[in-house]
Structures are given as structure tokens and as C-alpha cells.
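Work out the full structure, taking the sequences as your base and the hints as a guide.
Per this note's numbering, the sequence shown runs over residues -6 to 71.
Read the hints as simulated data drawn from the structure, not as lab findings.
Among the clues, some could well be false.
Claimed, not checked - Pair ranges (Cβ atoms, derived): (1) Lys16 - Gly68: 26 to 36 Å; (2) Gly53 - Glu24: 26 to 36 Å; (3) Lys16 - Leu67: 23 to 33 Å; (4) Ser55 - Ile32: 28 to 38 Å; (5) Ile32 - Arg52: 25 to 35 Å.
Backbone N, C-alpha and C fix where the C-beta goes; we use that ideal spot for every residue, glycine too.
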Amino acid sequence: MRTYLATSLAPVPRLYIYGPDDKLILSEEIEEHVAEVKIKGIEVRTERFEGTQHVAHLRGGSERYWGAVKDVWLGRTA
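See below:
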């Protein structure tokens, strides 16, 4: 993740879908990365799911999950 921040690619809005029960990607690491991205002035939206792991976040709240994706696609990150 950190390598991307060092590139010259134009910043695009980002969505981080994660949760504390994920064993593959730790929520603490996501939150640290989000803080770094915000410092760089990149628009960020986060969706923190409780009780689901990794791709199971979708099954834990399908409308919420896809609503967040749609919002970012449409430029609504707040």
C-alpha cells in the first residue's frame, strides 16, 4: 500500500471497506493507511464492518457495501 503513495499518479477518491474481525488485513493497518492518505489530501471514505471477515463484508451488509461503492463512483466520499 505504501508504494502507491509515492507514485506520481493523480489522486482519486478511495473507499476502504474493512473490519476488526478480518484476519487477512488488520483494521489497525487500514486505519493507519487512511490517516496517511488524508494527510496527502486524497478524498477517503471508510466503511468499517463489525462481525465479518474480508470479502464476507459484502454478505454482512450488501446494501451498505454496494451503496458505499456507488457513492465513491459518483464522487460522494463524505
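Given the hint of 25 to 35 Å, is the C-beta distance from Ile32 to Arg52 inside that range or not? Since the Cβ atoms of Ile32 and Arg52 sit about 33 Å apart, the hinted range of 25 to 35 Å holds.
**OP:** Mind checking the hinted window 26 to 36 Å against the Cβ distance between Lys16 and Gly68?
**Re:** Given range 26 to 36 Å: holds, Cβ gap about 33 Å.
Cβ-Cβ distance between Gly53 and Glu24: within 26 to 36 Å? violated, 19 Å
* Asked: Per the hint of 28 to 38 Å, is the separation of the Cβ atoms of Ser55 and Ile32 within bounds?
  -> Given a distance of about 32 Å, which is inside 28 to 38 Å, the answer is holds.
How does the Cβ-Cβ distance of Lys16 and Leu67 compare with 23 to 33 Å: does it lie in that range?
-> Given range 23 to 33 Å: holds, Cβ gap about 32 Å.
In terms of the numbered hints stated before, the structure departs from hint 2 and from no other.
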